[in-house]
Structure formats: structure tokens, C-alpha cells
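Residues per chain, in single letters:
Number of protein chains: 2
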Amino acid sequence: MEAAIEKLAKRGPSASHIADWIRSQIRGNRLVPGQRLVEVDIIRQTGGSRFKVREAYQRLAAEGLLEIEEYRGARVRGASMDEVRQLYRARAALEALCAADFTRKASDEEIARLGEIARQMEECVESEQPQEFGKLNAEWHTLLMRGAGNAVIEDMVRRLNTPVHHLLFGTFYRGERLREAARDHRRILDAIEARNPDGAECEMRAHVENGLSFLSELDRAVHLED
Amino acid sequence: MEAAIEKLAKRGPSASHIADWIRSQIRGNRLVPGQRLVEVDIIRQTGGSRFKVREAYQRLAAEGLLEIEEYRGARVRGASMDEVRQLYRARAALEALCAADFTRKASDEEIARLGEIARQMEECVESEQPQEFGKLNAEWHTLLMRGAGNAVIEDMVRRLNTPVHHLLFGTFYRGERLREAARDHRRILDAIEARNPDGAECEMRAHVENGLSFLSELDRAVHLED
DNA sequence: GCCGACAAGATTGTCAACAATCTCGTTGTC
DNA sequence: GACAACGAGATTGTTGACAATCTTGTCGGC
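Protein sequences, first through last, are from chains D and G.
Residues in the first sequence are numbered from 1 upward in steps of one, following my numbering.
Residues in the second sequence are numbered from 1 upward in steps of one, following my numbering.
One should not assume that every hint holds.
No distinction is drawn between identical chains; accordingly, a pair holds when it is met within one copy or between any pair of copies.
Stated by the list, open to error - Below, in silico cross-link-like pairs of lysine to aspartate or glutamate (DMTMM-like), each with a Cα-Cα straight-line distance of 20 Å or less:
id	residue 1	residue 2
1	Lys135	Glu67
2	Lys105	Glu83
3	Lys105	Glu209
4	Lys105	Glu154
5	Lys105	Asp82
6	Lys135	Glu123
7	Lys135	Asp20
8	Lys135	Glu154
9	Lys105	Glu39
10	Lys105	Asp219
11	Lys105	Asp198
12	Lys105	Glu193
In short, the hints are calculated from the structure, not lab data.
The model shown is predicted, which means the values in this text are computed figures rather than measured ones.
Sequences are here, hints too, so could you generate the full structure?
Below, the structure written as C-alpha cells:
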């Protein structure tokens with residue numbers, strides 16, 4: 001939001017700034033699936049013109065984050081559990097590949113940096129700081145993909161994550177699951193440090209699929225409540 | 001183009017129709033990387049309004065197919081060889097996963113259909129019909145992903161393919177490479193028919209990476225000419 | 001009370017005119 | 001001839017007004 005206001009001084013935020021703002025609202029759960037995005041509201045909140053807001057909508061629709069319907073405007077698109085499953089399977093395949101590539105080409109410094117962040121995450125588990133854990137987790141995965149040298153995959157995974165981002169905070173990142181994730185990271189790191197690409201690949205795949213299992217159980221629990 | 005004109009009778013083509021039209025132009029190599037897309041030209045050719053054309057631009061920019069620069073309009077974004085490499089690695093991981101899933105859940109009818117298309121492709125190799133081969137190849141891969149039941153991956157792979165699509169016809173789909181591809185398909189099918197998911201996964205990964213090797217060699221040859 | 005027809009307001013779709021910026025050829029100078 | 005300043009034309013950016021459609025609330029009939 002700061003960026004949007006800052007730009008406003010000059011000539012108003014660009015379409016991509018508005019898109020970023022909407023994305024952040026979705027990730028922060030301030031815009032929930034199904035919710036309508038009324039153009040004038042977005043204009044009021046971002047300072048953009050109607051034209052730019054609509055351009056931003058088109059971008060986000062192409063990313064699969066919004067649904068646009070004639071004369072009904074844009075809504076936040078929600079992912080069904082089945083879609084979340086497909087999405088996690090894709091992520092598992094892509095990140096596993098990155099883990100293997102990272103193991104092959106990363107410098108000792110990059111590995112050490114990954115270890116450092118993993119250590120900080122373990123601290124967050126102990127001190128129960130899920131918010132901070134989430135930020136470090138994102139950083140950890142990004143660093144690994146960056147080190148694997150595949151910007152295309154990095155971008156795809158970022159997009160895959162956005163629609164489920166809001167599910168994680170408040171349900172995912174607590175207690176036992178945090179501990180599991182930290183343990184997974186440790187295992188991946190061990191394989192990387194041993195320069196064992198296949199091992200890193202398997203552990204990463206298992207890590208992402210563990211996350212999916214957790215979400216599935218959560219979903220089943222919610223349905224039982226009905 | 002036909003679709004665009006047909007719609008014109010009613011109320012002009014929608015933004016997504018225009019986007020489809022531009023995509024097809026790029027795939028057909030009638031729009032080449034770096035080429036400028038002047039708004040009025042697109043309007044003339046599609047019958048859309050300026051507003052809709054610009055909406056289409058935004059969508060395609062989000063897909064990574066166009067680059068939009070202030071006051072300079074949209075250009076077709078070209079993929080560097082390095083990006084093509086990243087893109088194929090991602091595709092290999094995703095399609096390998098689909099091959100495994102397909103093997104696990106496909107019905108005998110679906111497998112038979114895949115075999116039928118593979119047989120037709122082999123005929124195209126003998127009769128040297130690369131154009132037809134290309135169409136069947138796309139159908140074959142789509143059918144496999146569809147059968148794997150992962151629409152998210154199907155969509156991602158479609159997008160990954162668009163920027164390199166024009167490289168394939170005229171260079172890729174000829175002689176020896178066609179024969180190799182047909183042989184790869186046969187191997188994948190054998191593994192699927194034997195209900196061997198791991199085998200199908202490996203063969204599919206190898207198949208996609210063979211394609212990458214071919215493109216790499218081609219690229220090296222082009223650079224030697226300079 | 002329930003339900004459909006209707007109307008007013010809200011919201012989105014479309015367009016055309018104008019402003020801002022870029023492109024490229026021209027001109028003048030050295 | 002090389003080069004920079006200039007300017008006309010081309011192209012894109014922005015805005016506001018109006019049309020088309022949806023949404024919501026109201027009213028009357030049953």
C-alpha cells in the first residue's frame with residue numbers, strides 16, 4: 001500500500017502496482033474467495049484510475065487469481081480442495097527438481113545461508129512465532145529455487161502459492177505442523193550438504209506432499225463439522 | 001480469425017478472443033519475438049475496440065508472452081536459449097509426474113486411444129508429414145495430462161509451450177528427430193501398458209529432455225554460423 | 001405471508017476525444 | 001560527412017460521459 005501511495009504523488013499507481021496491491025490483500029486474507037472487487041472501491045483504496053484498475057483485473061485473471069464475469073465484475077477465485085491437491089502435486093515436482101539442481105550447483109556459501117535460515121526457523125518453532133516462521137519459510141524456499149538457477153520455476157511456484165497462502169496462517173502454521181516442517185527442512189539440508197541430489201529431490205517431494213496431507217486432513221475435519 | 005469475424009456480427013470480439021487470436025499468430029510465427037504490436041493494426045485485423053485490445057495485451061503480458069513498455073506499446077517476448085532450457089526442465093518434471101499418474105489411474109480405453117494416436121504419428125514419420133505429426137503430438141500429450149487428472153499442470157504446460165511453439169515447426173519436426181520422438185512415445189506407452197508408473201515417469205522425463213538436447217544442438221549450430 | 005413484476009440505484013462495458021510521449025526524418029551547423 | 005536540435009506524424013496513456021446490464025427493494029396480487 002505504501003508503494004501505491006508513494007507513486008500517487010507523481011502520477012498515480014500503475015496497473016502492476018494495483019495488481020500487486022490486490023495480490024497482497026488476497027494473501028493477507030483481507031480479500032477472501034468469492035468476494036467481489038468493486039471497481040470504485042479499489043480506485044478509492046489505491047488511487048488508480050478505473051482504466052488501470054481494469055487492466056490490473058485482467059492481469060490477475062490471467063494468473064487465475066480473479067474471475068471476471070460480464071457485467072458482474074471481478075471476484076476472488078477460490079481453490080477447491082481438489083485444485084489445491086493438483087497444485088501441491090505440481091509444486092512437489094517443481095521444487096523437487098530445484099532441490100536436486102541446487103544440490104548440484106550451489107556454492108558452500110549458499111548452502112550455509114540456507115542452513116542459517118533453517119536454524120532460525122527452528123527457533124521460531126520453540127518460541128512459537130508462526131508469523132515469523134512463515135516469512136522465513138518463504139525466504140528459504142525462494143533461496144533454494146534461486147540457487148537452482150531456474151527463474152521460470154521460481155515464478156511458477158510463486159503463482160501456485162498465492163491462492164493457498166491465506167490457508168496457511170492460522171491453521172497450517174501451528175504447533176506440530178511447524179515442527180514437522182522444520183524437521184523436513186533439516187533432512188533436505190542434510191542431503192544437500194552431503195551433495196546428494198537424488199536424496200534432496202526425494203526429501204523435498206516428501207516435504208511438499210506432507211504439507212498437502214496436512215491440508216487434506218484439515219479439510220476432512222472441516223467437512224465433518226458440517 | 002474466423003471466430004473473431006463471426007463474433008463481430010454481434011458485438012465485436014471479446015478481450016479473450018483477441019488474446020486467442022494474438023496467441024495463434026505467435027504460435028504460427030506470423031508474429032515473431034521483438035515485433036511490435038501496434039494497437040490500430042490489431043484493431044483492424046480483429047475488429048475489436050482499442051479498449052479490448054489493451055485488455056488482451058494485459059492478459060498476454062501476465063502469461064509472459066508480451067512485454068509492455070510505457071508509451072512504447074507491446075512487443076512479442078522472445079525466450080533466450082537459457083530460458084528455453086529452464087522451461088523444458090519444468091515441463092519434464094511436470095509431464096513426468098503426469099505420466100506416472102496416468103499410468104496409475106487411466107482406463108484401458110484411454111490407454112488404447114493413446115496408442116492409436118501414437119500409431120498415427122508413426123505413419124506421419126514414414127510419410128513425412130511433420131505438420132500432421134505436430135498436431136497429433138500436441139493431442140497425445142494433452143490426452144495424457146487430461147487422463148492424469150491434473151488440470152493445473154495441463155494449463156501450465158500449455159503456457160510453457162507457447163513461446164517455443166514456433167521453434168518446432170520447420171526445424172524440430174523433421175526427419176530424424178521425428179523418428180526419435182515416435183520411439184520415445186512407444187517406450188512411454190510400453191511402460192504405461194505394463195502399468196509401471198516409475199518407468200513411464202522416467203521415459204517421459206527422458207523424452208522431454210531429448211527435445212531439449214535437440215534444441216540445444218540446433219542453437220549451437222546457429223551460433224557457429226555467425 | 002409468498003411470489004412475480006416493476007423501478008431505481010449501483011455497477012460494469014464501451015467509446016471517442018484529448019494529452020503525453022516516442023519515432024523518425026529534416027535541417028542547420030561544424 | 002557527422003551530428004545535434006528540432007518538429008511533424010505516429011502511437012500510446014488517460015479521462016469522462018454515456019450505454020448496457022445487474023441488483024435490490026417495493027408494490028400489488030394471490
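Right, here's what the structure says about each hint:
1. Taking CA atoms no more than 20 Å apart as the test, lysine 135 paired with glutamate 67 passes in neither setting, with 28 Å inside one copy and 30 Å between copies.
2. Proximity of lysine 105 to glutamate 83 under the C-alpha cut-off of 20 Å is restricted to the inter-copy arrangement: shortest distance 17 Å between copies versus 33 Å within a copy.
3. For the identical chains of this complex, lysine 105 and glutamate 209 are inter-copy neighbours only, at 19 Å across copies versus 25 Å inside a copy, given an alpha-carbon limit of 20 Å.
4. When the C-alpha separation of lysine 105 and glutamate 154 is checked against a cutoff of 20 Å, the pair qualifies only within one copy, where the shortest distance is 16 Å, while the shortest distance between copies is 29 Å.
5. For a Cα distance limit of 20 Å, the shortest separation of lysine 105 from aspartate 82 across copies, 16 Å, qualifies, whereas the shortest one inside one copy, 35 Å, does not.
6. For the identical chains of this complex, lysine 135 and glutamate 123 are intra-copy neighbours only, at 13 Å inside a copy versus 54 Å across copies, given an alpha-carbon limit of 20 Å.
7. When the C-alpha separation of lysine 135 and aspartate 20 is checked against a cutoff of 20 Å, the pair qualifies only within one copy, where the shortest distance is 18 Å, while the shortest distance between copies is 38 Å.
8. Taking the closest pair of Cα atoms, lysine 135 and glutamate 154 come within 20 Å of each other only inside a single copy of the chain (16 Å); across copies the shortest separation is 30 Å, beyond that limit.
9. Taking the shortest alpha-carbon separations for lysine 105 and glutamate 39, neither the intra-copy value of 47 Å nor the inter-copy value of 44 Å comes in at or below 20 Å.
10. For the homomeric pair lysine 105 and aspartate 219, neither the shortest alpha-carbon distance inside one copy (38 Å) nor that between copies (23 Å) is at most 20 Å.
11. Within a single copy, lysine 105 and aspartate 198 get their C-alpha atoms as close as 14 Å, which meets the 20 Å cut-off; across copies the closest is 26 Å, which misses it.
12. Proximity of lysine 105 and glutamate 193 under a CA criterion of 20 Å is satisfied intra-copy only: 12 Å inside one chain copy versus 37 Å between copies.
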